[in-house]
Amino acid sequence: MLAPVRSELTRLGQPRLIASWFGLMALGAILVNTIMVGFVARNGSLPPGAPGVTFPTRAQLEGASGLMVGLASASSLLGVVTLSMWAVATATDYSSGLIRLLVAAEPRRWRLLAGKVVALLLVTAAATTVATVVNLLAAPLAAAAAGIPTAAWGTDLVGVVGAAWVRLFIALSVWGVLGLVVAVLARSAAVAIATGVGYVLVVESLIKMAANAPSNWLLGTTLTAVASGGTPAVSFATAVTLAAGYVALGLFLASIVVTLRDVTD
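One rule links them: number in the numbering used here = place in the sequence shown (from 1) + 64.
Incorrect hints may appear among the rest.
[Stated by the list, open to error] Okay, the calculated beta carbon distance ranges per label pair:
1) Arg106 with Leu66: 25 to 33 Å
2) Gly262 with Ala227: 28 to 36 Å
3) Leu221 with Asn107: 22 to 30 Å
4) Ala312 with Leu186: 17 to 25 Å
5) Leu317 with Asp220: 36 to 44 Å
6) Arg106 with Val255: 35 to 43 Å
7) Thr74 with Ala216: 43 to 51 Å
8) Gly127 with Ala209: 14 to 22 Å
9) Pro296 with Ala215: 37 to 45 Å
10) Gly77 with Arg164: 21 to 29 Å
11) Pro79 with Leu313: 31 to 39 Å
12) Val182 with Gly309: 16 to 24 Å
13) Leu186 with Ala258: 25 to 33 Å
Source of the hints: derived by calculation from the structure; they are not laboratory data.
Backbone N, C-alpha and C define an ideal beta-carbon position, used for all residues, glycine too.
The task is simple: from the sequences and hints, build the whole structure.
Next comes the structure, spelled out in structure tokens:
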């Protein structure tokens, strides 16, 4: 099992890939914190069904956990980045023909898939850390510029930061699995990215705007609730349970396709 993980980590360690992934995570954290704090300071309100966006109230921003609410607000944007990177790492196996060599070296294909998932989770953990550190640096600067009081931010700092990291990592991992599954099915990173982004930003938004639509169980809503530690509509425990169900179903489907697909052509 260690050999597939080491192999995947070696390929994922390409400087351009890591720089792009971590750079986009840092940029997303900076942009969302800047926009979010300014928006909340002006007492703005989001329109119903706003695609992939959730901002805290001013009271939440000024509270003890206000330092890290930017990560929850950025979770959808950072999730799209994660989905894209997982999709690229997966689809490249097929577009480059590398999958034939991998299958020849390890006929037990489920081990190849498991190794890829573990390696991508490790890099996602590192990317989550980058976003967390950048958030810690950007949030106080944005709050100071917008005149938001931050006196309560020092309360239980370690616990607040640690909880925010865990919640974001869980949400990003689900986003990543979505990118992997669609990339396995389509053998195309472009299709996987377009499908994931289009679903969350278009399909879910339309469902949310429809009257009496059951939107609380949707993937984007679920992952936002996970990253936020729960919402009034979806508790954290319910969101994590739903996310685990999505991951289990997705990986089961991907494992069947990887195991049965003919890769000789």
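Verify the CB-CB distance for glycine 262 and alanine 227 against the hinted window 28 to 36 Å. Given about 31 Å between the Cβ atoms, the range holds.
Indicate whether the distance between the beta carbons of arginine 106 and leucine 66 respects the range 25 to 33 Å. Violated: the Cβ-Cβ distance is about 52 Å, outside 25 to 33 Å.
At the C-beta level, are threonine 74 and alanine 216 separated by a distance inside 43 to 51 Å? holds (45 Å)
For the range 36 to 44 Å, tell me whether the beta carbons of leucine 317 and aspartate 220 fit it or not. Given about 40 Å between the Cβ atoms, the range holds.
Outcome for the supplied range 31 to 39 Å, where the beta carbon pair is proline 79 and leucine 313: holds (35 Å)
Given the range 22 to 30 Å, decide if the beta-carbon distance of leucine 221 to asparagine 107 lies inside it. Holds, since leucine 221 and asparagine 107 (Cβ atoms, about 27 Å apart) stay within the stated range.
Using the beta carbons of arginine 106 and valine 255, state whether their distance is inside 35 to 43 Å or not. holds (39 Å)
Note whether the CB distance of proline 296 and alanine 215 lies within 37 to 45 Å or breaks it. violated (26 Å)
At the C-beta level, are valine 182 and glycine 309 separated by a distance inside 16 to 24 Å? At 20 Å between Cβs, range holds.
Could you tell me whether the CB distance from glycine 127 to alanine 209 stays inside 14 to 22 Å? holds (19 Å)
Is 17 to 25 Å a correct range for the gap between the Cβ atoms of alanine 312 and leucine 186? holds (20 Å)
Honestly, do glycine 77 and arginine 164 meet the 21 to 29 Å range at C-beta? holds (22 Å)
Of the numbered hints listed earlier, those contradicted by the structure are 1, 9.
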